[in-house]
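Undergrad: What follows is the residue order along each chain.
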Amino acid sequence: MRPADNIEKLISNVPIDSNSDVDEAVLKDLFEELDSSKAKYRTTQQACTWRTIMTGRIAKLAVAAVFVAGVIIVLSQLGGSKVAFAKVLEHIRTSGYTFDVKPKYRGAQIIPAMVLRPGRMRLEAPVGLGRISFIIDTTKNESLMLIHQFKAAIVKIPETGSHAEAGLLFTLCTKPIENLWNLKDGTEEDLGVKVVDGQKARGFRISREYEDFKYDVVIWANARTGVPILVEITGNPLDGSSESAEFVFDNFELDVELDESLFRLNPPAGYTLTNQKELDELTRGTPKTQTGERIEKLLALWSEGNKQDSVELLLGTDFSADIQFGPKAYFFILTEMDYIALKDADKNRAWEDVSATAKTVRELTRHVVDLGKNAAEEKDYDKAEQYFEAALQCGKILTRNPEGMLIVRLVGIAVEKLALNELISLYATINNREKLKAAKDQLQAVEAQAQEIKSKVSGK
Amino acid sequence: MEDKILIWKLKRGDRNALRRIYEKYRIDLLRLATALLNRNNDAEDVVHDVFINFVRSADQFHLTGSLKGYLATCVANMARNANLASQKCQTAGLNGVEPTASQRRRPDQWIMRTEELRRINDALAQLPYEQREVVGLHLQGGLKFREIARLQGVSIKTVQSRYRYGLDKLRPILR
Numbered sequence: 005m006r007p008a009d010n011i012e013k014l015i016s017n018v019p020i021d022s023n024s025d026v027d028e029a030v031l032k033d034l035f036e037e038l039d040s041s042k043a044k045y046r047t048t049q050q051a052c053t054w055r056t057i058m059t060g061r062i063a064k065l066a067v068a069a070v071f072v073a074g075v076i077i078v079l080s081q082l083g084g085s086k087v088a089f090a091k092v093l094e095h096i097r098t099s100g101y102t103f104d105v106k107p108k109y110r111g112a113q114i115i116p117a118m119v120l121r122p123g124r125m126r127l128e129a130p131v132g133l134g135r136i137s138f139i140i141d142t143t144k145n146e147s148l149m150l151i152h153q154f155k156a157a158i159v160k161i162p163e164t165g166s167h168a169e170a171g172l173l174f175t176l177c178t179k180p181i182e183n184l185w186n187l188k189d190g191t192e193e194d195l196g197v198k199v200v201d202g203q204k205a206r207g208f209r210i211s212r213e214y215e216d217f218k219y220d221v222v223i224w225a226n227a228r229t230g231v232p233i234l235v236e237i238t239g240n241p242l243d244g245s246s247e248s249a250e251f252v253f254d255n256f257e258l259d260v261e262l263d264e265s266l267f268r269l270n271p272p273a274g275y276t277l278t279n280q281k282e283l284d285e286l287t288r289g290t291p292k293t294q295t296g297e298r299i300e301k302l303l304a305l306w307s308e309g310n311k312q313d314s315v316e317l318l319l320g321t322d323f324s325a326d327i328q329f330g331p332k333a334y335f336f337i338l339t340e341m342d343y344i345a346l347k348d349a350d351k352n353r354a355w356e357d358v359s360a361t362a363k364t365v366r367e368l369t370r371h372v373v374d375l376g377k378n379a380a381e382e383k384d385y386d387k388a389e390q391y392f393e394a395a396l397q398c399g400k401i402l403t404r405n406p407e408g409m410l411i412v413r414l415v416g417i418a419v420e421k422l423a424l425n426e427l428i429s430l431y432a433t434i435n436n437r438e439k440l441k442a443a444k445d446q447l448q449a450v451e452a453q454a455q456e457i458k459s460k461v462s463g464k
Numbered sequence: 016m017e018d019k020i021l022i023w024k025l026k027r028g029d030r031n032a033l034r035r036i037y038e039k040y041r042i043d044l045l046r047l048a049t050a051l052l053n054r055n056n057d058a059e060d061v062v063h064d065v066f067i068n069f070v071r072s073a074d075q076f077h078l079t080g081s082l083k084g085y086l087a088t089c090v091a092n093m094a095r096n097a098n099l100a101s102q103k104c105q106t107a108g109l110n111g112v113e114p115t116a117s118q119r120r121r122p123d124q125w126i127m128r129t130e131e132l133r134r135i136n137d138a139l140a141q142l143p144y145e146q147r148e149v150v151g152l153h154l155q156g157g158l159k160f161r162e163i164a165r166l167q168g169v170s171i172k173t174v175q176s177r178y179r180y181g182l183d184k185l186r187p188i189l190r
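Protein chains in written order, with my numbering: chain A, 5 to 464; chain B, 16 to 190.
Isolated chain B, as found in the complex:
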């Protein structure tokens, strides 16, 4: 119920409610974004943009499930777009020409990366994107397989298989 109250207060323009929502979920979302993108600055930007969009559309927002699940889905959608954009940049040879938006806006590092974080995210990066998304959304975003199936437009069984295959591949890498 806390999230419903927070959203209700947010719709009244309550800054404390917004701060609480941000502080409650920022780490989980960062963790997920980093797993999906494996690019530090992009992960920061995705989470930043997810929150901005959330505030912008809060008046239309209708919480039917968990707020964390909703935000995690937004992160996944935005991470896909960011990945597509990154591929285009690579194709056009633009990488490295411009500093990222994150670098321009915030030269200091948001995420303090540790060896463990790097190791796990490097391992996740070796998974096909669909499997990485399932593993990240389920374990880091707290989404149920049913919700991930809806997001990916596949059956629950496919999601469960992707999850199982993902873990099977991670096992030898992370041992």
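If we strip away everything but chain A, and leave its shape as in the complex, we get:
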């Protein structure tokens, strides 16, 4: 009798397949339906975009930040009916100010925000990997996203990949945020006076429905000066679903002299604009040396299944010679910035090549290390060292360019660590203290390099 979990697995994985011709026929039906629905979709697109984004946890955080900044800008355009509220608005109308956005959910991070009149914002949103800045000019309906750890600047909205969430956010940001809260004069409700953050504060509430949400803004401002102390914003969906955004912002600093350059929509110096270049354009004219050609050949041999010849070529390679690769050897020649600058189609082309070559290198070097281990077991220590050293040099080629693609450098580091650990074991066995120490030092350096890449990727 089958155990219950086996039956569950059996039912979950019932073998079933579909016919590709029929799939295409079904897709044709679906596309026709989609085309006929497109006009209808467009009319509700903005509301749905907002709603879709609000459901993403990370995106919600960033959207909240943009939204809050938008509210501030809108508020700055109002005139309050009461003297006290007018005073608050007067402060918000100052040329530049900063504040912190604090989304209200567990694990949310503080988003520093800056506003420069008229209609310009900069948010340092911790979206995805590391720090990302959003610069938005609502008067021009333009925006720029800066991914700092890669020094990449994105003007075109990314719809796929790791920054797609931020891309969705950008789509919202490029719409005129001022219109989000078209508040009218005198709509505020006076909440009276209480102590907030150690100050006597007067509160005001403004409520408004916009698209699918009802928003409540509560502003607590110093009762005497009108300087905002705390703003609480809640967005509740009108359809009664549980999706809502709650956040506060505080730590206002008014009359701050903000550098105009922080709000420029041109990429800062040293930043690469994404989606600009073609692969051939980047790799044209790269010279190839004999050793570079040899390495390309041995990798090709391995890919073709000719393992023995590949290993022999590797063992006979002079790694001290000048090694330059040809223009199509993307794995070796592309830098991270080159890759970022590529157009989407070229990025895909490059990625296919890079990932295939990475696989080849990993397989080849693992095999060579295994050969070394076999030799060590047979006490042929010289041969073992030769194998391990060849693998190590292979790894070093991949890590020698600090600007190289991160994935390539990581493969190189993995290969170097694999080879060095075996060399350390070998030198300990044969009691060669000098080489043992050198190998250990090298391993330490490689681990430091790995840590550096890890920090770069995480943006810390």
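There may be inaccurate statements among the hints.
Using 30 Å as the maximum straight-line C-alpha spacing, the simulated DSS-like pairs for lysine-lysine come out as follows [unchecked claim]:
{"#": "1", "chain 1": "A", "residue 1": "377", "chain 2": "A", "residue 2": "421"}
{"#": "2", "chain 1": "A", "residue 1": "13", "chain 2": "B", "residue 2": "159"}
{"#": "3", "chain 1": "A", "residue 1": "108", "chain 2": "B", "residue 2": "159"}
{"#": "4", "chain 1": "A", "residue 1": "155", "chain 2": "B", "residue 2": "39"}
{"#": "5", "chain 1": "A", "residue 1": "144", "chain 2": "B", "residue 2": "83"}
{"#": "6", "chain 1": "A", "residue 1": "347", "chain 2": "B", "residue 2": "184"}
{"#": "7", "chain 1": "A", "residue 1": "108", "chain 2": "B", "residue 2": "19"}
{"#": "8", "chain 1": "B", "residue 1": "19", "chain 2": "A", "residue 2": "13"}
{"#": "9", "chain 1": "B", "residue 1": "39", "chain 2": "A", "residue 2": "363"}
{"#": "10", "chain 1": "A", "residue 1": "458", "chain 2": "B", "residue 2": "19"}
{"#": "11", "chain 1": "A", "residue 1": "351", "chain 2": "B", "residue 2": "39"}
{"#": "12", "chain 1": "B", "residue 1": "19", "chain 2": "A", "residue 2": "32"}
{"#": "13", "chain 1": "A", "residue 1": "351", "chain 2": "B", "residue 2": "184"}
{"#": "14", "chain 1": "B", "residue 1": "39", "chain 2": "A", "residue 2": "32"}
{"#": "15", "chain 1": "B", "residue 1": "19", "chain 2": "A", "residue 2": "347"}
{"#": "16", "chain 1": "A", "residue 1": "13", "chain 2": "B", "residue 2": "39"}
{"#": "17", "chain 1": "B", "residue 1": "184", "chain 2": "A", "residue 2": "13"}
{"#": "18", "chain 1": "B", "residue 1": "83", "chain 2": "A", "residue 2": "32"}
{"#": "19", "chain 1": "A", "residue 1": "311", "chain 2": "B", "residue 2": "83"}
{"#": "20", "chain 1": "A", "residue 1": "13", "chain 2": "B", "residue 2": "83"}
Derived from the structure by calculation, the hints contain no laboratory data.
Place chain B on chain A using the hints.
TA: Same frame as chain A, but now just chain B:
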């Protein structure tokens, strides 16, 4: 998050997003529909119609859980209707008079049935429909008991019992 992005793009009329959603879930939905109906052509039609309805109402669509779970629920609802319609046809003696919509539209077979598939679906067909639906939705549609309870309008405990009884009945059949 991928599904949310895909839906967002679909609402902008992006064909690639629609293709991705279809390719991502078609097999799972077919598997579920076949288990619930045990009639090849009807299963194809149900999945086809679920996707068409999904595209048609995408502008109103609000993803709160998993997209797969939502589509699986649609399959379950449509399979119930298809079963009711089939019973009516049998009562009226209409079976076999007309080729199915699927046969008219697509003479080639969508599903390539295997012996294993037939054996498992025949076993599932021996379960009372509610149990079959719970087993199919949980194991093939990826729905949680809580979600199935909402769909069937019963308590979670009832769903869990149906699931347990279903598996108990399948065990001797599939051994």
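Undergrad: Now look at each hint and say whether the structure bears it out.
TA: Going through the hints against the structure:
With a C-alpha separation of about 15 Å, the suggested pair residue 377 of chain A and residue 421 of chain A falls inside the 30 Å cut-off, and the hint holds. Annotation: proposed proximity of residue 13 of chain A to residue 159 of chain B holds, straight-line Cα distance about 16 Å (limit 30 Å). With a CA separation close to 28 Å, the supplied pair residue 108 of chain A and residue 159 of chain B stays within the 30 Å bound. With a C-alpha separation of about 34 Å, the suggested pairing of residue 155 of chain A with residue 39 of chain B is violated against the 30 Å cut-off.
For a cut-off of 30 Å, the pair hint linking residue 144 of chain A to residue 83 of chain B is broken: about 40 Å separates their Cα positions. Our distance criterion of 30 Å between C-alpha atoms is broken by residue 347 of chain A and residue 184 of chain B, whose separation comes to about 57 Å. Of the supplied pair hints, the one linking residue 108 of chain A and residue 19 of chain B holds, its CA atoms being roughly 22 Å apart against a limit of 30 Å. Between the alpha carbons of residue 19 of chain B and residue 13 of chain A the distance comes to roughly 28 Å, so the proposed pair stays at or under 30 Å and holds.
Between residue 39 of chain B and residue 363 of chain A the CA atoms are separated by roughly 26 Å; this keeps the pair inside 30 Å, and the hint holds. This hinted pair checks out: residue 458 of chain A and residue 19 of chain B have alpha carbons roughly 28 Å apart, not beyond 30 Å. Of the supplied pair hints, the one linking residue 351 of chain A and residue 39 of chain B holds, its CA atoms being roughly 23 Å apart against a limit of 30 Å. Between the alpha carbons of residue 19 of chain B and residue 32 of chain A the distance comes to roughly 23 Å, so the proposed pair stays at or under 30 Å and holds.
The suggested pairing of residue 351 of chain A with residue 184 of chain B is violated, with an alpha-carbon distance near 53 Å, which exceeds 30 Å. About 17 Å separates the Cα atoms of residue 39 of chain B and residue 32 of chain A, which keeps this hinted pair within 30 Å; it holds. Restraint check for residue 19 of chain B and residue 347 of chain A: the C-alpha separation of about 24 Å stays at or below 30 Å, so the hint holds. Straight-line distance between C-alpha atoms of residue 13 of chain A and residue 39 of chain B comes to about 20 Å, which keeps the hinted pair within the 30 Å bound.
With a CA separation close to 16 Å, the supplied pair residue 184 of chain B and residue 13 of chain A stays within the 30 Å bound. Restraint check for residue 83 of chain B and residue 32 of chain A: the C-alpha separation of about 21 Å stays at or below 30 Å, so the hint holds. Proximity of residue 311 of chain A to residue 83 of chain B is assessed by CA-CA distance (about 44 Å); at most 30 Å being required, the pair is judged violated. Restraint check: the Cα-Cα separation between residue 13 of chain A and residue 83 of chain B comes to about 18 Å, which is no more than 30 Å; the hinted pair holds.
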